[in-house]
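Residue numbering for the sequence shown is -24 to -1, 1 to 319, as defined by mature numbering (1 follows the signal peptide of the UniProt record, and there is no 0).
Rather than coming from a laboratory, the hints here were simulated on the basis of the structure.
Among the hints, erroneous ones may be present.
To be verified - Calculated lysine to aspartate or glutamate pairs in the EDC-like style (CA-CA distance at most 20 Å, straight line):
| id | residue 1 | residue 2 |
| --- | --- | --- |
| 1 | Lys188 | Glu287 |
| 2 | Lys293 | Glu282 |
| 3 | Lys180 | Asp161 |
| 4 | Lys115 | Asp149 |
| 5 | Lys188 | Asp108 |
| 6 | Lys188 | Asp102 |
| 7 | Lys116 | Asp161 |
| 8 | Lys101 | Asp191 |
| 9 | Lys188 | Glu123 |
| 10 | Lys241 | Asp108 |
| 11 | Lys110 | Asp191 |
| 12 | Lys188 | Glu254 |
| 13 | Lys278 | Glu254 |
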Amino acid sequence: MQRRRFLAQSLASSAALALPSVWAQGAPKPTPIKFTLDFRVTGQTAPFFLAQQRGHYAAEGLDVSIDVGSGSVASITRIVSGAYQMGLGDISSLIEFQAANGGTPAVQAVYQYYNRAPFAIIGRKDRGITGDFKSLQGKKVAAAAVESTRRAWPMVARRLRVNEDFFTWTTTDFSQRDNVMVRGDVDAATYFHDSAVSLFSRMKLDELSVLKYTDAGVNLYGNAILAGNALITQNPGAVAAFLRATNRGIQEAFNDPAAAIAATKAREPILVEAVELERWRITREYIAAPDTRSHGLGDVLKRTLEQQVDEVSEVYKLKTRPGAEGIFHRGFLPSLNERTLKA
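With the hints as extra help, turn the sequences into a complete structure.
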């Protein structure tokens, strides 16, 4: 009897000791997600860093790495190549890409980050540039060789009924754009409105005119969260999980901008808090555009997206017109209640 009791106790003890090992082996490993930004680390993308810092991605079973980008067009090719599973990319550029590459979409938008594209041309008042786009006639406007604000100009020109060569482009690097404006080498420059905060810190606001594309009646969706087809088909749960965590980060960034910028500075210490707070203040205007009051953050209006597809197809003379349903996949969005802005 004593021997049986001893054996039973020994087996129970062995099992108890083995449990932590069994649990460790049975615990699912986090799903790695490589996410590419459209550009540098700034307050424009603060919600992603806030979500990461507060553990929202980890809580969803994700191991998310966030890398700097080299443009919203490059984000698409990065995802298509398989180097990244998700990223921030321009909707108009995605329309172009899908028009040139038929078949099953290799990448789709799954959450509309900028509900309106923050495209703007910012001009110097001392060069005669006012709040009227027609004041740009004959001027010199700086822009990078390939960037979405410059590429979207023909849509504005079409709406204003002026020629695309209404002014002269001066090609410059992103890093030199502020310098050529401050020196007066050009009369104006293209910007994402929130990116212009760097210029605003060097020139007084009352010295500048901000001409928003939206003011010309051009309503374009801007950068969206994109996902590659491989991730969408092989691990749709990871896409939905990423969006839930990011949406939570966006809501929290609206409620606590200081915390969002602190999380961003933790990633990029060189950032100036006051500058990034102002950048985020502008960014949030484009994330929570009027449309979001009806359909929540992250979604699109089908008719508005279809109009953008039509506009891009006509202006860029695309050979095929991709369907709006292939551009934006709303099947992974968090619930409307989660996406209703609480701030």
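Outcome of the hint check:
For the hint pairing Lys188 with Glu287, the CA-to-CA distance comes to about 18 Å; that is within 20 Å, so the pair holds. The hinted pair formed by Lys293 and Glu282 meets the criterion: a straight-line CA distance of about 16 Å does not exceed 20 Å. As the CA atoms of Lys180 and Asp161 are separated by approximately 17 Å, the hinted pair is consistent with the 20 Å bound. Straight-line distance between C-alpha atoms of Lys115 and Asp149 comes to about 19 Å, which keeps the hinted pair within the 20 Å bound.
Restraint check for Lys188 and Asp108: the C-alpha separation of about 10 Å stays at or below 20 Å, so the hint holds. Only pairs whose Cα atoms come within 20 Å are accepted, and Lys188 paired with Asp102 is accepted, the gap being roughly 19 Å. About 8 Å separates the Cα atoms of Lys116 and Asp161, which keeps this hinted pair within 20 Å; it holds. With a C-alpha separation of about 18 Å, the suggested pairing of Lys101 with Asp191 holds against the 20 Å cut-off.
Taking the CA atoms of Lys188 and Glu123, the gap is about 16 Å. The hint holds against a cut of 20 Å. The hinted pair formed by Lys241 and Asp108 fails the criterion: a straight-line CA distance of about 37 Å is larger than 20 Å. For the hint linking Lys110 to Asp191, the alpha-carbon distance of about 13 Å falls within 20 Å, and the restraint holds. For the given pair, Lys188 sits about 17 Å from Glu254 by alpha-carbon distance, which is consistent with the 20 Å threshold.
For the hint pairing Lys278 with Glu254, the CA-to-CA distance comes to about 32 Å; that exceeds 20 Å, so the pair is violated.
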